[in-house]
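From first to last, the protein sequence lines are chains A and B.
Residue numbers 1 to 310, in this note's numbering, belong to the letters of the first sequence in order.
Residue numbers 1 to 524, in this note's numbering, belong to the letters of the second sequence in order.
The set of hints was computed from the structure by calculation and includes no laboratory data.
Treat the numbers as computed from the prediction; the structure is a model and nothing was measured.
You may find that some hints are simply not true.
As the list claims (entries may be wrong) - Distance ranges between label pairs, derived from CB positions:
#1 P122(B) <-> G282(A): 29 to 39 angstroms
#2 A321(B) <-> L134(A): 53 to 63 angstroms
#3 D145(B) <-> F31(A): 42 to 52 angstroms
#4 H116(A) <-> A321(B): 44 to 54 angstroms
#5 R393(B) <-> R193(A): 35 to 45 angstroms
#6 R124(B) <-> S255(A): 37 to 47 angstroms
#7 G15(A) <-> D38(B): 49 to 59 angstroms
#8 F31(A) <-> D279(B): 55 to 65 angstroms
#9 L297(A) <-> D38(B): 58 to 68 angstroms
#10 D147(B) <-> A149(A): 51 to 61 angstroms
#11 S73(B) <-> T85(A): 51 to 61 angstroms
Said to hold, decoys possible - Here are some chain A residues the structure puts well away from chain B; computed CB gaps all over 10 angstroms:
#12 S34
#13 S35
#14 N44
#15 V138
#16 I147
#17 L158
#18 A180
#19 R184
#20 Y186
#21 L197
#22 L215
#23 G257
#24 V258
#25 L297
Ideal placement from N, C-alpha and C gives every residue a C-beta, glycine not left out.
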Amino acid sequence: MIGRVRSRTSRSGIGIITIALPLTMFVILSFTASSFFTAQNLGNVGNQITALLIVSLGQLIVAVSGGVDLSVGSMLSLTSAIIVTFDPAIVIPLAIAAGCVLGAVNGLGVAVFGVHPLVMTLATATFVQGLTLLVSPVPGGVVAPAIEALAHGRLFGLQPSLYWCTAAILLCWLLLSRSAFGLRLYALGANPRNASLNGVKVVGPIIACYVLCSLAAVAAGIFLTARVSTGDPTIGAAFGLDSITAIALGGVQLSGGVGSVPGVILGVVTLGLATNGMNLLGVSPFLRMAATGLLLLGAVSLQRRKTIGV
Amino acid sequence: MTHSAGLEDRASGMKAGRELVRFEGVTKRFGANVALSDVSLTGLSGSVHAVTGENGAGKSTLMNLLAGVHQPSAGSIFLDGQPVVLDGPRAAHRAGVSTVYQELTLLPNLTAAENLYLGREPRRLGLVDRAAMRREARRVFSRLDMDLDPDTYCGDLTIAQQQMVEIAKGVAVEARVFIFDEPTAALNGPEIEKLERLILSLKRDGKLVFYISHRLDEIFRFCDTISVMKDGSHVATRPASELTRDMLVSLMVGRSLDRFFPHRGETGPDAVTAIDVRDLVPVEAAAPVSFALRRGEILGLTGLEGQGQREIIRAVAGQIAPVAGEVLRHARDGTSARLTPSPVAVARAGVGFVPEDRKSEGLFLPLAIERNIGVGMMRRSSIWSRARIDRNRLTGLLDSMNVRATGPRQEVQALSGGNQQKVLIGRWLAAGVDILLVEEPTRGVDVGAKSEIYMLLRAFADDGGAVLMTSSELSEHIGLCDRILVVREGRLVAEMPGAAATEETIMSSALTGAPFQSHAGAAA
Numbered sequence: 001m002i003g004r005v006r007s008r009t010s011r012s013g014i015g016i017i018t019i020a021l022p023l024t025m026f027v028i029l030s031f032t033a034s035s036f037f038t039a040q041n042l043g044n045v046g047n048q049i050t051a052l053l054i055v056s057l058g059q060l061i062v063a064v065s066g067g068v069d070l071s072v073g074s075m076l077s078l079t080s081a082i083i084v085t086f087d088p089a090i091v092i093p094l095a096i097a098a099g100c101v102l103g104a105v106n107g108l109g110v111a112v113f114g115v116h117p118l119v120m121t122l123a124t125a126t127f128v129q130g131l132t133l134l135v136s137p138v139p140g141g142v143v144a145p146a147i148e149a150l151a152h153g154r155l156f157g158l159q160p161s162l163y164w165c166t167a168a169i170l171l172c173w174l175l176l177s178r179s180a181f182g183l184r185l186y187a188l189g190a191n192p193r194n195a196s197l198n199g200v201k202v203v204g205p206i207i208a209c210y211v212l213c214s215l216a217a218v219a220a221g222i223f224l225t226a227r228v229s230t231g232d233p234t235i236g237a238a239f240g241l242d243s244i245t246a247i248a249l250g251g252v253q254l255s256g257g258v259g260s261v262p263g264v265i266l267g268v269v270t271l272g273l274a275t276n277g278m279n280l281l282g283v284s285p286f287l288r289m290a291a292t293g294l295l296l297l298g299a300v301s302l303q304r305r306k307t308i309g310v
Numbered sequence: 001m002t003h004s005a006g007l008e009d010r011a012s013g014m015k016a017g018r019e020l021v022r023f024e025g026v027t028k029r030f031g032a033n034v035a036l037s038d039v040s041l042t043g044l045s046g047s048v049h050a051v052t053g054e055n056g057a058g059k060s061t062l063m064n065l066l067a068g069v070h071q072p073s074a075g076s077i078f079l080d081g082q083p084v085v086l087d088g089p090r091a092a093h094r095a096g097v098s099t100v101y102q103e104l105t106l107l108p109n110l111t112a113a114e115n116l117y118l119g120r121e122p123r124r125l126g127l128v129d130r131a132a133m134r135r136e137a138r139r140v141f142s143r144l145d146m147d148l149d150p151d152t153y154c155g156d157l158t159i160a161q162q163q164m165v166e167i168a169k170g171v172a173v174e175a176r177v178f179i180f181d182e183p184t185a186a187l188n189g190p191e192i193e194k195l196e197r198l199i200l201s202l203k204r205d206g207k208l209v210f211y212i213s214h215r216l217d218e219i220f221r222f223c224d225t226i227s228v229m230k231d232g233s234h235v236a237t238r239p240a241s242e243l244t245r246d247m248l249v250s251l252m253v254g255r256s257l258d259r260f261f262p263h264r265g266e267t268g269p270d271a272v273t274a275i276d277v278r279d280l281v282p283v284e285a286a287a288p289v290s291f292a293l294r295r296g297e298i299l300g301l302t303g304l305e306g307q308g309q310r311e312i313i314r315a316v317a318g319q320i321a322p323v324a325g326e327v328l329r330h331a332r333d334g335t336s337a338r339l340t341p342s343p344v345a346v347a348r349a350g351v352g353f354v355p356e357d358r359k360s361e362g363l364f365l366p367l368a369i370e371r372n373i374g375v376g377m378m379r380r381s382s383i384w385s386r387a388r389i390d391r392n393r394l395t396g397l398l399d400s401m402n403v404r405a406t407g408p409r410q411e412v413q414a415l416s417g418g419n420q421q422k423v424l425i426g427r428w429l430a431a432g433v434d435i436l437l438v439e440e441p442t443r444g445v446d447v448g449a450k451s452e453i454y455m456l457l458r459a460f461a462d463d464g465g466a467v468l469m470t471s472s473e474l475s476e477h478i479g480l481c482d483r484i485l486v487v488r489e490g491r492l493v494a495e496m497p498g499a500a501a502t503e504e505t506i507m508s509s510a511l512t513g514a515p516f517q518s519h520a521g522a523a524a
């Protein structure tokens with residue numbers, strides 16, 4: 001009975017729809033919205049999706065382990081508030097430290113105390129958002145020029161968003177697809193008990209996932225704040241849901257163990273094009289929000305329990 | 001049935017190995033519950049060592065200590081004469097102990113090679129060296145004579161292939177001790193033979209194989225040494241050649257094999273039909289099957305694993321909607337009606353279904369015994385009626401079934417497999433059904449409780465009920481059933497009375513598919 005079988009299982013989660021959706025949107029928008037296929041607009045799309053891509057890659061790491069992190073949006077907002085409130089010399093280390101603490105708390109809650117990731121991160125998201133509004137109750141404030149340069153300076157004449165994206169993609173890909181940590185994470189996401197019986201530690205890697213995810217939100221917060229050149233305590237509000245929608249569109253299975261960096265890039269592009277397209281076509285921003293909710297539902301119901309074995 | 005001829009052959013091929021594993025005075029407590037008390041046992045290299053006993057006898061606990069899943073409360077474990085502390089699965093792997101669990105532990109989203117090296121991945125520049133991993137996996141697979149692409153995801157492998165990969169994992173780490181926990185539960189005949197060859201090759205390489213099983217046939221077929229556990233204690237370790245089946249069973253339970261199965265039913269060919277299955281096509285592209293289930297009998301559907309028995313019984317039970325055909329149910333009062341293929345309709349018609357996977361399909365594990373049975377008692381009551389459990393009836397039922405529990409309020413998940421099965425059957429008895437469809441009546445049930453479940457089913461049939469069952473254990477069909485239908489590739493290929501059936505006659509029909517001889521004449 002031992003023989004070769006055609007592979008049906010996949011852990012990238014990329015299916016036909018994952019690839020076809022952004023391509024179709026691109027083609028349709030090129031024809032329907034006259035201002036879409038211009039260097040100006042495409043550069044805009046790139047800038048708009050950079051922060052989402054960074055957050056979504058962090059979300060991917062958590063999702064592969066079988067969790068979800070709703071607190072990324074609040075973390076992003078807190079980063080923004082920190083940058084405009086404290087001494088510019090310490091804001092970045094401070095934001096990174098805050099990210100580590102939030103990630104560690106989320107990870108401890110999930111891995112050690114067994115709190116469901118949704119509940120755990122919803123609680124910390126609310127807590128952190130409150131803290132953010134205490135630090136900086138209203139939008140405004142000045143961003144130090146050195147930090148602004150991170151999103152405006154043009155190294156070798158290229159868009160800074162390109163560097164941010166490349167670095168995030170490369171780091172995340174190395175981690176998930178080439179490191180032992182990544183392999184073990186896929187194992188944990190598929191079945192923590194069996195992974196543990198195979199000698200994989202459970203608690204440490206899960207905490208590490210949440211820390212990495214929070215740090216991704218911090219990075220996105222630095223980029224976004226530098227780009228808009230001012231602070232906003234609610235700038236990250238949409239990122240929790242958006243990042244989950246993006247990874248779901250990218251074929252990542254929210255139950256864990258399935259998902260890949262290329263898939264997430266596709267998902268983020270899909271969501272970015274959808275937002276940009278509706279913008280260009282003059283759709284109301286409220287309707288855009290409703291559409292994001294529908295997209296999440298559609299993406300999740302399309303890929304649910306299809307790619308993993310059994 | 002005597003096995004002595006085959007046993008002597010094996011015994012003569014047995015080399016005297018040196019001591020590899022020694023448990024010394026090992027005790028394991030879970031809270032107040034003593035799972036193992038003062039067990040001392042020695043395993044030799046180059047030996048296939050059966051560890052057997054009833055469920056709850058402590059054999060799995062003992063092996064879990066060696067696998068690092070649990071740690072002993074007292075006593076010590078020696079590997080190669082050295083005391084070792086196995087404080088986790090990782091430590092056991094490093095010490096050279098490899099375990100093939102009954103529920104396989106491969107990750108479906110990892111490739112065969114990745115599964116083989118999970119937790120100890122070869123590295124290059126800090127990253128996983130995939131080329132080395134693939135190369136090594138190929139080497140191990142070819143050593144085990146497996147034709148398997150290391151890049152196949154394990155989710156795409158058959159159970160047998162997955163088991164091979166589990167064994168390969170142990171071979172890859174040069175494990176010295178292999179633990180097999182009920183490895184044949186999901187395998188068919190040829191796959192079991194392949195497993196036998198693998199186990200014997202491990203033995204030839206001087207490994208120690210601990211083989212946990214309930215199945216006496218396999219114990220005598222594979223093993224040279226047999227250790228029996230009972231109530232957390234080690235009863236005896238003997239060379240297999242010195243034991244017979246009956247001796248082994250009496251060591252396990254203190255009860256001889258001829259009293260293992262109850263008497264047979266008294267149904268003749270003219271008995272009243274309870275269920276008439278007519279040209280039932282359970283799934284797309286299957287052959288139509290027709291048979292009758294009569295009052296007072298236990299009818300077995302047997303065959304090799306995966307030949308369609310499961311689909312037939314599930315189609316009758318309304319668990320799957322059949323493509324064509326019908327199931328007629330003749331009630332005790334003489335009325336007949338067509339069974340609607342839905343679980344609710346079938347249950348309302350007085351037909352109970354006991355699924356093979358009682359934990360996920362049958363019972364409500366976190367709920368109390370009374371509630372699990374109460375569901376059956378309220379089968380006919382309206383959804384708006386008050387949920388009341390008739391306590392006297394419940395207590396009577398639990399007593400009559402000999403359910404061992406602290407009381408009707410105990411959670412079902414805390415019961416042993418045998419008692420869980422009794423609760424599940426009890427639900428239908430409480431519901432007053434007169435037909436039972438039972439899949440694997442004694443899967444994962446210890447020897448003592450097995451016999452009690454057989455009695456229960458027999459008493460049910462004697463009382464005018466009818467039982468249709470499937471089982472992967474041939475001896476169960478032979479010992480328990482009044483009639484046996486052999487299924488091959490979805491067709492009924494033979495029918496034989498249980499009293500006259502032997503493993504040989506069933507296997508020859510199951511393998512070759514001799515034409516179906518209807519002795520019943522009911523279909524005509």
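Quick rundown of the hints versus the structure:
1. P122(B) <-> G282(A): 29 to 39 angstroms: 56 angstroms, violated
2. A321(B) <-> L134(A): 53 to 63 angstroms: 60 angstroms, holds
3. D145(B) <-> F31(A): 42 to 52 angstroms: Since the Cβ atoms of D145(B) and F31(A) sit about 59 angstroms apart, the hinted range of 42 to 52 angstroms is violated.
4. H116(A) <-> A321(B): 44 to 54 angstroms: Since H116(A) and A321(B) have Cβ atoms about 35 angstroms apart, the given range 44 to 54 angstroms is violated.
5. R393(B) <-> R193(A): 35 to 45 angstroms: Hint holds: Cβ distance 39 angstroms, inside 35 to 45 angstroms.
6. R124(B) <-> S255(A): 37 to 47 angstroms: 32 angstroms, violated
7. G15(A) <-> D38(B): 49 to 59 angstroms: 57 angstroms, holds
8. F31(A) <-> D279(B): 55 to 65 angstroms: 57 angstroms, holds
9. L297(A) <-> D38(B): 58 to 68 angstroms: This hint holds: roughly 59 angstroms between Cβ atoms.
10. D147(B) <-> A149(A): 51 to 61 angstroms: 59 angstroms, holds
11. S73(B) <-> T85(A): 51 to 61 angstroms: Since S73(B) and T85(A) have Cβ atoms about 56 angstroms apart, the given range 51 to 61 angstroms holds.
12. S34: 44 angstroms, holds
13. S35: For S35(A), whose nearest Cβ neighbour in chain B is about 43 angstroms away, the distance exceeds 10 angstroms, so it holds.
14. N44: 36 angstroms, holds
15. V138: Given a closest Cβ separation of 46 angstroms, the condition holds.
16. I147: Since the minimum Cβ distance to chain B is about 31 angstroms, I147(A) lies beyond 10 angstroms and the statement holds.
17. L158: Its Cβ never comes within 10 angstroms of chain B, the nearest being 27 angstroms, so this holds.
18. A180: 4 angstroms, violated
19. R184: 7 angstroms, violated
20. Y186: 6 angstroms, violated
21. L197: Given a closest Cβ separation of 5 angstroms, the condition is violated.
22. L215: 20 angstroms, holds
23. G257: 5 angstroms, violated
24. V258: 6 angstroms, violated
25. L297: It holds; L297(A) is separated from chain B by about 24 angstroms at its closest Cβ, greater than 10 angstroms.
In summary, the structure is inconsistent with hints 1, 3, 4, 6, 18, 19, 20, 21, 23 and 24 from the numbered list given earlier, while agreeing with the others.
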